[in-house]
Amino acid sequence: MKAEHNQTALLQGLARNDKKAIDTIYKENFNLIQALIINNNGSTEDAKDVFQEAMIVLYQKVQSGSFELNCQIKTFVYSVCRRLWLKRLMQQSRYSLHENTDDLVIVDDDMEDHAKRDTEFKMMEKAMGGLGEPCRSLLEAFYMQKKNMQEIAGSFGYTNAENAKTQKYKCLVRLKKLFFTQYKNESL
Amino acid sequence: MEDLQILEAVERYIGGEMNPNERVYFEALRKSNPEIDQAVVEHTFFLQQIARFEDTRQFKNILDETHIHLAEKGLIQSPKLKGGAKVVYLFNRYKRTAAIAASVAGIMALSISAMVWSFSPGKNTTQDVQLLNSKINNLEVQNKKQDKEITTVINHIKRTDAPPDIKYTTGGTGFLVDAKGYLVTNAHVIEGATYVAVQNASGKDFKASIVWVDAKRDIAILKIIDTAFKTLSSIPYAIKKSGTDIAEPVFSLGFPRSDFDIVYGEGYLSAKTGYNGDTLAVQISIDANRGNSGSPIINRKGEVIAVLSSKQTSLDGAVFAIQSKYIYDALSQLQKSDTTFRNIRLPVTSSIKGIDRTKQVQKITDFVYMVKVN
Numbered sequence: 019m020k021a022e023h024n025q026t027a028l029l030q031g032l033a034r035n036d037k038k039a040i041d042t043i044y045k046e047n048f049n050l051i052q053a054l055i056i057n058n059n060g061s062t063e064d065a066k067d068v069f070q071e072a073m074i075v076l077y078q079k080v081q082s083g084s085f086e087l088n089c090q091i092k093t094f095v096y097s098v099c100r101r102l103w104l105k106r107l108m109q110q111s112r113y114s115l116h117e118n119t120d121d122l123v124i125v126d127d128d129m130e131d132h133a134k135r136d137t138e139f140k141m142m143e144k145a146m147g148g149l150g151e152p153c154r155s156l157l158e159a160f161y162m163q164k165k166n167m168q169e170i171a172g173s174f175g176y177t178n179a180e181n182a183k184t185q186k187y188k189c190l191v192r193l194k195k196l197f198f199t200q201y202k203n204e205s206l
Numbered sequence: 237m238e239d240l241q242i243l244e245a246v247e248r249y250i251g252g253e254m255n256p257n258e259r260v261y262f263e264a265l266r267k268s269n270p271e272i273d274q275a276v277v278e279h280t281f282f283l284q285q286i287a288r289f290e291d292t293r294q295f296k297n298i299l300d301e302t303h304i305h306l307a308e309k310g311l312i313q314s315p316k317l318k319g320g321a322k323v324v325y326l327f328n329r330y331k332r333t334a335a336i337a338a339s340v341a342g343i344m345a346l347s348i349s350a351m352v353w354s355f356s357p358g359k360n361t362t363q364d365v366q367l368l369n370s371k372i373n374n375l376e377v378q379n380k381k382q383d384k385e386i387t388t389v390i391n392h393i394k395r396t397d398a399p400p401d402i403k404y405t406t407g408g409t410g411f412l413v414d415a416k417g418y419l420v421t422n423a424h425v426i427e428g429a430t431y432v433a434v435q436n437a438s439g440k441d442f443k444a445s446i447v448w449v450d451a452k453r454d455i456a457i458l459k460i461i462d463t464a465f466k467t468l469s470s471i472p473y474a475i476k477k478s479g480t481d482i483a484e485p486v487f488s489l490g491f492p493r494s495d496f497d498i499v500y501g502e503g504y505l506s507a508k509t510g511y512n513g514d515t516l517a518v519q520i521s522i523d524a525n526r527g528n529s530g531s532p533i534i535n536r537k538g539e540v541i542a543v544l545s546s547k548q549t550s551l552d553g554a555v556f557a558i559q560s561k562y563i564y565d566a567l568s569q570l571q572k573s574d575t576t577f578r579n580i581r582l583p584v585t586s587s588i589k590g591i592d593r594t595k596q597v598q599k600i601t602d603f604v605y606m607v608k609v610n
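Chains A and B, in that order, are what the protein sequence lines are.
Per this note's numbering, the very first residue in the first sequence carries number 19; after that it's consecutive.
Per this note's numbering, the very first residue in the second sequence carries number 237; after that it's consecutive.
Each hint should be verified, as a subset may be incorrect.
What the hints assert, rightly or not - Heads up, simulated BS3-like pairs for lysine-lysine below, C-alpha to C-alpha not over 27 Å straight-line:
#, chain 1, residue 1, chain 2, residue 2
1, B, Lys595, A, Lys45
2, A, Lys134, A, Lys183
3, B, Lys296, B, Lys416
4, B, Lys416, A, Lys105
5, B, Lys608, A, Lys45
6, B, Lys267, B, Lys440
7, A, Lys164, B, Lys599
8, A, Lys165, B, Lys296
9, A, Lys37, A, Lys188
10, A, Lys37, B, Lys443
11, B, Lys595, A, Lys37
12, B, Lys599, B, Lys440
13, A, Lys195, B, Lys296
14, A, Lys38, B, Lys508
15, B, Lys443, A, Lys165
16, B, Lys537, B, Lys443
17, B, Lys477, B, Lys599
18, A, Lys38, B, Lys595
19, A, Lys105, B, Lys267
20, B, Lys477, A, Lys37
21, A, Lys202, A, Lys165
22, B, Lys508, B, Lys466
23, A, Lys195, B, Lys537
24, A, Lys45, B, Lys572
Stated by the list, open to error - A few chain A positions that, by computed beta-carbon distances, are all more than 12 Å from chain B:
#, residue
25, Thr42
26, Asn49
27, Asn88
28, Cys89
29, Thr93
30, Ile124
31, Lys194
These aren't lab readings, by the way, just hints derived from the structure by calculation.
All of these numbers come straight from a predicted model, not from anything done at the bench.
Glycine included, C-beta positions come from ideal geometry on N, C-alpha and C.
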């Protein structure tokens, strides 16, 4: 009972970006995953990548408001990592895993969600990358750092907020175009 | 222009920034005009995409920070494998390659012995072997000759090309390789110096002495001998031992300006060799000026991959840098010649891997010095 309660608290912490919760989950699960990856032709670097991707899967899952995993965090993370690593091995045309656990859950839906989210993340990253300066910084300042137009005009050197705003919309149109071109190609 | 106005209206509508009248008007417009309606739907989706992107990006940063933090405290096993685990890992990784290599070697050995057998006319085997021996000797002699030629070519390059590019006596940049006060810079920066001082990014001067010069490789090691200097916390970047990739993005920090301000530059590795194929160096495409000599060239993982040394006058932005592995060489030679330097340890792990560039630079700034020569 207590362990269950603990797990929900951890997941709730994760959902609100609580560093302590992230720390705990990381600490309690990383070594196991690293062992899995290294025993299966991976490097420490691969282990870090795969583990962090699984953390993102878990994060996105709890972000949607569901704190019920129906299994231990460890089992979930392991199952996700296993799938992620199998996928990478598949790309290098190797298929089987050497592992000594049968504590697995089905994570198909989560993997599907994640694959979509990951594609979207990469598309946005690419769109942002293709934008060039000062457009990128301007949009980041407004949409991500949530600065107001007055501040932005000041720090970018626009004479007034109105000019900065016009520029921001022009940049936004370009970003949307870059993003949606990829998005449409992807959906086809 | 009209598009921008629609976009602005849509964004204000989604953000709830419209006054009630405007809102009613806009909603009516939305109902009657499918294009506007689509614009609202699309933009809502797009804003959600931006928000998710930023959220994931921040979460990734937190994960990287957590990883570094836990690894530093030894709470997770990282970043290096030790002992058995590494052997198992290497074995697993290379067993296929090793097996292929072994069978290829076997086939080679068989076919070579077959050849030797079929080509040797019976009893003259010893003579053949001797012949081969002398051939090997010949090859060695040739090799040495080529080595010599290479050295002359390198020296030639240095003599003819470097001087017009670099001012030798006005100083350059150096960076700490041991927090106890050991810095690396270019040998040409301190050439002919009687007095060397280094100055940190906040403008503080420290006396330094030259402890090692390798003019051929253009690397020098300095030691800060000023009593005012306090040993710094551990060095955030690592010195890379080997392996760089073309197109790898890199940045540098240095003091190319006369106003003593530290300057940041960004570029990429453009070739794995230096001027005319010089294997000591790599070519980097970055903006550099006099005074940048000795600047660390750092990759995005926070590893120093090279030391900036010279620039090709005929080509803008082509800069040559000495590969960082020669820092290890220089240090081991120094330690061989003088055991008092035995306790110098080059940083092998970077603690700024995975954090954003601005933070990386903030952490590195304190470890980069201007080298002044008198």
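Tested hints:
1. B:Lys595 x A:Lys45: holds, 24 Å
2. A:Lys134 x A:Lys183: Violated - the C-alpha atoms of Lys183 of chain A and Lys134 of chain A are around 32 Å apart, more than 27 Å.
3. B:Lys296 x B:Lys416: Violated. Lys296 of chain B to Lys416 of chain B sits at ~34 Å, over the 27 Å cutoff.
4. B:Lys416 x A:Lys105: violated, 47 Å
5. B:Lys608 x A:Lys45: violated, 47 Å
6. B:Lys267 x B:Lys440: violated, 68 Å
7. A:Lys164 x B:Lys599: holds, 26 Å
8. A:Lys165 x B:Lys296: Answer holds: Lys165 of chain A to Lys296 of chain B is near 22 Å, not above 27 Å.
9. A:Lys37 x A:Lys188: violated, 37 Å
10. A:Lys37 x B:Lys443: Status violated; Cα separation ~43 Å.
11. B:Lys595 x A:Lys37: Holds, at roughly 19 Å.
12. B:Lys599 x B:Lys440: holds, 17 Å
13. A:Lys195 x B:Lys296: Distance of about 26 Å is within 27 Å: holds.
14. A:Lys38 x B:Lys508: violated, 44 Å
15. B:Lys443 x A:Lys165: With Cα atoms ~45 Å apart, Lys443 of chain B and Lys165 of chain A exceed 27 Å; violated.
16. B:Lys537 x B:Lys443: The hint is violated at about 32 Å.
17. B:Lys477 x B:Lys599: holds, 21 Å
18. A:Lys38 x B:Lys595: holds, 22 Å
19. A:Lys105 x B:Lys267: violated, 46 Å
20. B:Lys477 x A:Lys37: violated, 34 Å
21. A:Lys202 x A:Lys165: Distance ~31 Å between Lys202 of chain A and Lys165 of chain A Cα, so the pair is violated.
22. B:Lys508 x B:Lys466: Violated: Lys508 of chain B and Lys466 of chain B sit about 37 Å apart, past 27 Å.
23. A:Lys195 x B:Lys537: violated, 32 Å
24. A:Lys45 x B:Lys572: violated, 42 Å
25. Thr42: For Thr42 of chain A, whose nearest Cβ neighbour in chain B is about 10 Å away, the distance does not exceed 12 Å, so it is violated.
26. Asn49: Violated, since 6 Å does not exceed 12 Å.
27. Asn88: holds, 23 Å
28. Cys89: holds, 22 Å
29. Thr93: holds, 19 Å
30. Ile124: Fine: 24 Å to the nearest Cβ keeps Ile124 of chain A off the interface.
31. Lys194: violated, 6 Å
The structure fails hints 2, 3, 4, 5, 6, 9, 10, 14, 15, 16, 19, 20, 21, 22, 23, 24, 25, 26 and 31 (numbered hints given earlier, in ascending order).
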